[in-house]
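Could you build the full structure based on these sequences and the hints that come with them?
If you want the building blocks of each chain, they are given just below.
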Amino acid sequence: MENMPQEFWRWKEYNWHAPDIAWRNAKIITAGVDVGSVSTQAVVMVDGKLFAYANRRTGSSSPDSARRAMDCALEETDLALDKIHYVVGTGYGRVNVPFAHKTMTEIACHARGANFLYGASVRTVLDMGGQDCKAIKIDAQGKVVNFLMNDKCAAGTGRGLEVIADLLQVPIEEMGELSLRVEKEPEPVSSTCVVFAKSEALGLLRKGWKKNDVLAAYSRAMAHRVAALLKRIGIEKEFVITGGIAKNSGIVTRLEKELGIVARKPDFDTQIAGAVGAALIAKKMKDER
Amino acid sequence: MSERRYKKLKTAPQLKKLLEQHYLAAKYFHLGKPIAWVTSGAPVEIVRALDIFPVYPENYGALCGARGASAAMCQVAEARVYSPDLCAYARSSVGMMSDAKHAPLGGLPRPDLLITCGNICGTVLKWYEAAARHYHAPLFILDTPFIHADDGEPTAHAIAYVAAQLEELIAFLEKQTRRKLSKEKLLATAMLSSEAVSLWCDVREFCRARPSPLNAPDLFLNMAPIVTLRGTKECAQFYRALKEEIAERVARQVSALPEEKYRLVWDNIAIWHHLYRFYNHFVDYGACFVTDTYTGGWAMRMNDQGDPIHAFARTYTQVFLNQSLRVRVRDMADLITRFDVDGFVMHSNRSCKPYSVGQYDIRRIVTEQTGKPGLVIEADHSDPRSYDDETIRARIQTFMEGLR
Amino acid sequence: MITAGIDSGIKTTKVVILNDDKIIAQRLVLTGWEPQQAGESALTAALADARLSRADLARLVATGAGRQAFPLAQSNVTEITADARALAFLHPTVRTVIDVGAEEARALKCANGRVLDFAVNEKCAAGAGIFLETMARTLEVTLDEMSALALQATGTATLNSQCAVFAESEVVSLIHAQTPIAEIVRAAHDAIAGRVASLARRVGGEPEIALVGGIARNVGFIDALARELGMEIIVPRDPEFIGALGAALMAGDPVSLRGAS
Amino acid sequence: MKNKIGYLCTYVPEEIIHAAGFLPVRIAPSTTPPTRADAHLQSYTCCLARSCLDQALAGRLNDLAGVVFAHTCDTMQGLADIWRESFPNLFVETVVGPVALNSPHAQKYLVAELRRFVAALEQHFDVRVTEDALRASIRIYNTRRRALADFYARRAEFSAVQWFNVMNKALTTPPEAISDRRSATSNQQSAIENQKSKIGVVLVGATIDEPTLPQILDDLGARIVADDFCNGARYFDTLVAEEGDPIEAIAARELTRATCPCKHRALDDRAERLLKLVKDNRADGVIFYHKKFCDPHAWDYPPLAAALDREKIPHLLLEVEQVAPVGQTRVRVEAFLEMLSEG
Ligand SMILES: Nc1ncnc2c1ncn2[C@@H]1O[C@H](COP(=O)(O)OP(=O)(O)O)[C@@H](O)[C@H]1O
Ligand SMILES: Nc1ncnc2c1ncn2[C@@H]1O[C@H](COP(=O)(O)OP(=O)(O)O)[C@@H](O)[C@H]1O
Ligand code: SF4
Ligand code: SF4
Ligand code: SF4
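Residue numbers (our numbering), protein chains in the order written: chain A, 1 to 289; chain B, 1 to 404; chain C, 1 to 261; chain D, 1 to 343.
There's no promise every hint is true.
Below, a list of computed lysine-lysine pairs in the DSS-like style, where the Cα atoms sit at most 27 Å apart [as the list claims (entries may be wrong)]: (1) D:K169 / A:K137; (2) D:K312 / A:K231; (3) B:K183 / B:K7; (4) A:K102 / D:K198.
To give an idea of the interface, some chain D residues facing chain A are shown, with a C-beta separation under 8 Å as derived from the structure [what the hints assert, rightly or not]: (5) A249; (6) V326; (7) R332; (8) E334; (9) A335; (10) E338; (11) M339.
With the C-beta cut set under 7 Å, the calculated list includes, among others, these residues of chain D facing chain C [claimed, not checked]: (12) P33; (13) R36; (14) A39; (15) N142; (16) E319; (17) V323.
Because the hints were derived from the structure by calculation, they are not lab data. Keep in mind it's a predicted model, so treat the numbers as computed, not measured. Yeah, the Cβ is synthetic: ideal placement off N, Cα and C, and Gly gets one too.
Written out as C-alpha cells, the structure is:
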C-alpha cells in the first residue's frame, strides 16, 4: 500500500569533470562538499578552476553521503582524495564530512559560489534548497552582507516540491514546465502545507482542475512565499538563484514576475554553487596559511 | 465575493452614503480641522467637542478587509519586517503608512494627532507607536487598566487614574488645537452619542423576535456609524431610520433569512474578507445569527451619574474587551437566554488575541451553564490568507448535524 | 432494508453494506486521484461480496473528505457525525471518540449517537497518519514494523518539530546520534499521541475512549495514546470502517439525516 | 503550608510576596512539548504561555500556594483568567500595573494597585505584610540584584551556558542564597580559554528559557556581552530605594527600570538603550531571540532593526518556539558569526 509505482521526486544523479586540466602540476587542489538535506555535491578545484564535481542524493548518513559524492566526482579522473590539499564541508551535514578540514555554512558558501559562477556584479543570491530558502545579500568579493532564512515550515521548500511531485505523479524535472502549461494562471493555493497538500490538491482536482493547474497554483503560492522573503531583505541587482529549485522554471518564472526583476540565467548546474563556494573558501584558507 | 442571500435593508444606501461621506470628508473636506487617529474604544466625544476630526484606522481595517485589499497591504508591512502574526488591522495599516498603493480610497489621511486607548488590546499601543514614529505626530495614550474582577467593576484607583488622564487628554488637545473645551459642547456630543448607542441597543434587542429581522452581517455593517460617527447628528439620525425599519420588520414578522430554522450567537469580529461566503454556509442550513458579542460591544450606555469625566472614565474602562473571562461568560450566557438561541459560534481570530485567548474555556463553561453547544472556527478577521473555506465548511456541517 | 455507507478518505475509501443492522459486506480501496471512481469500485466489490446489485440498495450515505463527490448518495454527513453514530451502535458506553485518519485527526464527545462537541487538528498540527508514514519512510521500515518497534523502546528521545517534513530531518539527526531506531519510533508515536491527546482534552474527553481510523491498527500508537491520556482505550473491530459503518447506519435511519446536506 | 508563590513576569513585585512570608519563584517554560494546554490556548499563542499552563495542568506546579501575574500582553491577560478557571481554589492574582509609564498619574495608580495586591495577599493567606518586613525584603532582593550585576560585570570569565544557568537559577532560588558574585556562580567554574578571538553579541528578547542558543554560541566561540531579557539584565538593572515608603519605592522601580515592549515610556527608549548596550560593550552584532507569536516583541523588532541599520550594526532575528531547533538555529547563528568575522 505504501509503495508508489514510480518515485517521481527522484531527480538524476550525475558527475562531470574537465577533460583537459592537468592536476599534477597544480599548485593547489581544493574541494568543497555540500551535504544538503536533500542532495550532496562534491566539487574539486584545481588552482581555482573547476575540475570535477558530482551531484547525489543525501542518504540517511551524512558521512557516507559525503564520501559517495566525492568518490563519484573523482570516479572518472585519476585524482585521489589524498591528493586534495584542503577540503571545506558545508550544508546541513557539514560537521559530518569525515575528510573536511574546516566547515562553513552554506550561506557563506552560496554567496562565494554565486560570486564566482556569475561574476562580481551579483548582489542578491536566493538559494532555494531542500529544506529552506535563503535570501543573501553579498558584496563584490562574495562576502555576506546580510541574509534571511524562511520560517520553520516545509511549505515552499524543495522537499515540499518532491512530496507534491509524488502526489501528482509528475517527474520533478518536468514539474516546472508542466506548471507553465496552463491556459490561465490560477489563484495560488490557500495553504502550501506539504502535509495537507493532498487534501488540498484533491479538493482542486475534484473541482475539475487539471494537474497542470494544480501545479501552477502550488508554484505560484511557493513563489509568493519566497518573494516575501526577498522583499523582506530588499532585493538588489544583480539577482541570481542557486540551489536545486532554480531548475524549476515554473517557480523561477513566477518569482521573477512577482518581483518584477529577472534572475541571471546560469550555464551550469545551480545545485553546485554551495560546494563551489566551499572549494573556493578552502583555497583561500589554504592560501592564508 | 459571494452575494448575500437574505433580505436587503432599505436603509442600506443611506448607510453607504454616510460612510462614504465620512471617508471623503476625512480626506478632503475636514475644513482645516486637525485629523486625529483614534482607536475604537477612545473617548471620541471629547475629540469631537474640540472640533477635531476623528478617523478610525480599525474601521478602515475592516473596510480594507471587506474590499479584499488587506492581504496586499499586509504584505507591504511584512516586506518591512513586520511579523505576519500581528493583528491584520494593524499590519495592513502599517503597510498603508509606507505605501498606499493597495489601500482603498487612497489610504487614510495623515494624522495630526494620535490617540490610543488600551481598553481593547495591547496592539493599539504598538500600532500607534508605529504611526507616531512614521508621521512624527504627537501620541496620547489613554491607559485603562484591565478589569479582572468578577463583577466587571473597575477599582476606584483605576477610575481615578483614567479620570486624571482624561483631564490630561483635554489639556493635551486644548494645547494642540489652541481651543478651550466647552462643557456644553461636550455634553451635547455625549447626548448625541448616548442617543445613537441607545437606538443601536434597541435595534439589537429587536432581534429577539422570531424570526429575527437581522442576520449577523447586517449587524456588522450597521455597526460602522456607532464606531466612526458616534456623537454626530447624522449618526443618531441614521439609527433612528434603521430602528424604524427594523420595528416595521418585526411588526410584520419579516425574517432576515428565507426561513429561520436555527438561531445562533456570534462571538468575535466578523470575517470581513469572506463576509457573505462565510455566513451563507449557515444560511444554507437556515441558521441565523440573531445576536453577537462584537457589535454589542458598542452598545454600552453612558453612565450618566455625577461628573461627566468620571462617567467617561467608568464607561470607557468597562468596555467588554477590557473585561475578564468570567464577565464574558456571563454576557454570552445572557445573550443565549435572552435571544433564545440553539447554539453559538466563536471565531477564533488569529489577529485578535484579547478577544480569542480564553475562548475554549468560555465555550466550555457556557455550554455547561446553558446546555447550548458552541463551535470554534479558526480564521482571521481581515487577512484572508488564513481562511480555508473547505475545512470551515466541514466544521460547520458537523456542527449543524449535531444541532438537530 | 439494505443500506450502504461510503467513507471517502484522503488515503482510503471504505464501503460498508448493512442488512438492517447487520454488516453483510465491507471493502477498502485506495482513494487515489479519482475518489468517485474509488467509491464506485469499492461499492461494486462490496455488493458483489454480498451477492447484491445496485437495485437492492435502499439508501446510500457518503462521508469523509470526498463526501460530496457521490451523486449516487442520497445525502452526506461528516465523519464526525458518522463516527458518533457507529460507536453508539458498537459501544454505547463510549463517550469520547478519537479518529485519526491520514491527514486529519478528530476528537468528539458523544452520547446516544449524537455529537456533543468536537475538535479537529488545525492546519499545520500535522498530528495525523501521514506524520507516521513520513517517519516510516525516513526510517525505512513498514508501518507494521514501526508499530511493533514502538513497543520495544524504553528511551527518552523526543521530537520537537511540529512539521512532519522537518520532523523527518530531526529523525535523521537522531539516527546520526545513534539513537536506537525503536526509540525514535517511540518518540514519533509520542509526538503525535501528545497532539491527538490535546484534541481529546479540548473536548473534555471522558472515559470510555475509543480510537478509530486507520491508525488504530497501530498498537504502538494505541500504547502511546493510552500512556498520554492515562486511560484505557477501546479499539473497535475494523477501526478504519467506522465512518462507513456510521454512514450506513444513518442511511437506514433517515430521521437522523435531517439537517444534513 | 505551601510556601512558594509562582509568578510569570518580572513586573510582579517579588518583595511584596516575600514580605508576606512566601518565596516568589519565576514559573519558566519547560522543554517538553505541551499536550494539556492546547485545550485552553490556541496554537497562535506564545510557547511561554502554553508551556507554563501545561506544567500546571500536568500537576507539576502543585507545590505553589498561588500564582501571580503582572499585566503585560494580551496573551498573559487571557492566561491569568484561564489559570483562575483551571484552578478555582488557588490564589491567582494579577497586578494590573500601568502601561503608560510616562503618565504623571502612573505612580499614584501603581501604588494603589500594589496596596490592593498587598491586601489581597493578606486576606487570602491571613497574614500581615508589615512595613518592616517589606523593607527587609527589599534589602534582600537588592542584595541579590547587586550580586547579579556584579557577576555580570565579570561575565567575560564565564561561558554563555554558565551565564544562562546563573540567571535562570537565580530567579527560582531563595534570594538570600545569592548575596555576592561568588554565591551567584557557585557550581559554575570559570571556563574561558581562547578569549581573544571571540565575537561579542547582544541578545534581545522576552525571556530565554533553554540553553540551545547559549550552547551554540559557546560552540562557535562567541560571547554574550550584554542582554535585554526579562530574566537577564532587565531583572537587576534598577534597585528599589531602601528609604521612604516601601510600596512607593517598589512602584518607583517599576516605572524607571528598562522598559519591556508591553509598556511605554518614550517612543524610542528601547532603541536608545539597545544602541547604548552595543556601544558600551563594543558588541559586534545583535541577536534578537524572539518567541513565535509574541506580539509585543514582534512589534518592536522593525524599529529596533531600523535603529541598528542606521548605525550599521548587523543583527539577526531568531524566532523560536519552546526549544530552538538545533540544526536550523546553528546555521543561522554560524552564518551570522561568519558574516561578522568577515566584515
Ligand atoms: N532537475 C531538477 N529539476 C527540478 N527540480 C530539481 C531538480 N533537481 C533538484 N530539484 C529540486 O531541488 C531540491 C534540492 O535542492 P538542493 O539545493 O539540492 O537542496 P539541499 O542543498 O538543501 O539538499 C529538490 O528537493 C528538488 O525539489
Ligand atoms: N497497518 C497499519 N499500521 C499502522 N498504521 C496504519 C496501518 N494501516 C493504516 N495506517 C494509518 O492509517 C492512516 C490512514 O487512515 P484512514 O482512516 O484510512 O485515513 P483516511 O480516512 O483519511 O483516508 C494512514 O495514514 C496510516 O498512518
Ligand atoms: S488586536 Fe483585536 S482589538 Fe486590537 S486592534 Fe487588532 S482586532 Fe482590534
Ligand atoms: S505541517 Fe505543513 S504548514 Fe505545518 S510546518 Fe509543516 S509544511 Fe508547514
Ligand atoms: S510578552 Fe511575549 S513572550 Fe511574554 S507572554 Fe506575552 S506574548 Fe508571550
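Outcome of the hint check:
Simply put, K169 (chain D) and K137 (chain A) have alpha-carbon atoms about 40 Å apart, too far for the 27 Å limit, and the pair is violated. Taking the CA atoms of K312 (chain D) and K231 (chain A), the gap is about 20 Å. The hint holds against a cut of 27 Å. Under the criterion of a C-alpha separation no larger than 27 Å, the hint pairing K183 (chain B) with K7 (chain B) is inconsistent with the structure, at around 43 Å. At roughly 18 Å between alpha-carbon atoms, K102 (chain A) and K198 (chain D) fall within 27 Å of each other, so this suggested pair holds.
Against a cut-off of 8 Å between C-beta atoms, the interface hint on A249 (chain D) is violated, since the closest Cβ of chain A lies about 44 Å away. This hint is violated: V326 (chain D) has a C-beta 11 Å from the nearest C-beta of chain A, more than the 8 Å allowed. Because the smallest distance between the Cβ of R332 (chain D) and any Cβ of chain A comes to about 6 Å, under 8 Å, the interface hint for this residue holds. Taking 8 Å as the C-beta cut-off, the interface hint given for E334 (chain D) holds, the closest approach to chain A being about 5 Å.
Given the 8 Å rule on beta carbons, the hint for A335 (chain D) holds: about 4 Å separates it from the nearest Cβ of chain A. Interface restraint check: E338 (chain D) against chain A, minimum CB-CB distance 5 Å, threshold 8 Å, status holds. A cut of 8 Å between beta carbons decides the hint on M339 (chain D): the least distance to chain A is about 4 Å, and the hint holds. Restraint check, P33 (chain D) versus chain C: the minimum CB separation of about 6 Å is within 7 Å; hint holds.
About 6 Å separates the beta-carbon of R36 (chain D) from the nearest beta-carbon of chain C, less than 7 Å, and the hint is met. Nearest Cβ of chain C to the Cβ of A39 (chain D): about 4 Å, under the 7 Å cut. The hint holds. The criterion of a C-beta within 7 Å of any C-beta in chain C is not met by N142 (chain D), whose closest approach is roughly 39 Å, and the hint is violated. Hint status for E319 (chain D) relative to chain C: violated, with the closest Cβ pair at about 14 Å, above 7 Å.
Interface hint at V323 (chain D): satisfied, since its Cβ lies 5 Å from the closest Cβ of chain C, which is below the 7 Å cut-off.
Of the numbered hints stated above, those contradicted by the structure are hints 1, 3, 5, 6, 15 and 16, listed in ascending order.
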